[in-house]
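Chemist: Fit chain B to the given chain A structure using the hints.
Line by line, the protein sequences are chains A and B. Under the working numbering, think of the first position of the first sequence as 1, with each following residue one higher. Under the working numbering, think of the first position of the second sequence as 1, with each following residue one higher.
Among the hints, erroneous ones may be present.
Pair ranges (Cβ atoms, derived) [stated by the list, open to error]: (1) R61/A / D20/B: 31 to 39 Å; (2) R51/A / F81/B: 45 to 53 Å; (3) N90/B / V80/A: 26 to 34 Å; (4) E13/B / R51/A: 39 to 47 Å; (5) K46/A / P12/B: 25 to 33 Å; (6) D33/A / S56/B: 19 to 27 Å; (7) K39/B / K46/A: 28 to 36 Å; (8) Q94/B / R51/A: 29 to 37 Å; (9) S32/B / R38/A: 37 to 45 Å; (10) C56/A / T31/B: 35 to 43 Å; (11) K46/A / M1/B: 35 to 43 Å.
Pairs of lysine-lysine, DSS-like flavour, derived with a Cα cap of 25 Å [what the hints assert, rightly or not]: (12) K53/B / K68/A; (13) K39/B / K68/A; (14) K68/A / K42/B; (15) K46/A / K68/A.
By construction, these hints were calculated from the structure, which means they are not laboratory data. From the three backbone atoms N, C-alpha and C, an ideal C-beta is built for every residue, glycine too.
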Amino acid sequence: MRRKRFPMKKRIAFKKKICRFCSDDTFSLSYRDFNALRYFISERGKIIPRRISGNCAKHQRFVAKAIKRARVVSIVPFTVTSA
Amino acid sequence: MRGYELCLIFHPETSESDIDNIINSLSELITSHKGSVLKTEKWEKKNFQYQIKKQSKGYYCFLYYMGNNEILNEIERIVKFNESVLRYNNYSLQKNFAFKETARTLENKETEQSASDKPEKTIESTPVEKSTDTAATNE
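In isolation and in its complexed conformation, chain A is listed as follows (with noise of 0.2 Å):
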């Protein structure tokens, strides 16, 4: 027996966000600065994804190799154990 899919799912309501890099011309990255890359990493050092970021495709792709040269150079964890 297939179930039957209500047509009103519950979903919580995502509100639209804003690329913070479009609409900032000043707002910018580099892989050097700890600040500005921590408000895209979780607590254990994982990148976090565009949907609760924010960021266009665009700049989430510049995002994440920032982080990725950043953790070469030891500015930011690869991993993060709760101690």
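Modeler: Below, chain B alone, put in the same frame as chain A:
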């Protein structure tokens, strides 16, 4: 000549004079091979997020320069066998120019040179072609 960014991580026990010597030797190498040094940055001793070669602190240095293939190889040769350098990385600047932070750290010196080198993707060419096609079809 393309813009590059060299990131160096030094052993925490190196003295400042040693760091200066290494950076000076690198910049002399760059200028002797017809490159140009745009900027050097030095940071204070910083804690690492994870240990590098069993060290938990180190000095960070950043060197911005215009160079080519030869310069890259020579820099790597110096830096690779130096015991006080823990890690080094070369990054190209052209791909980073969408991020204005790297452009802001360099003061206008590079934009003059890179404007000729950087491959500019222009979308201006395509509408011209379309208009000629439509003109031909209309006639």
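Chemist: Could you work out which earlier hints the structure fails to respect and list their numbers in ascending sequence?
Modeler: none
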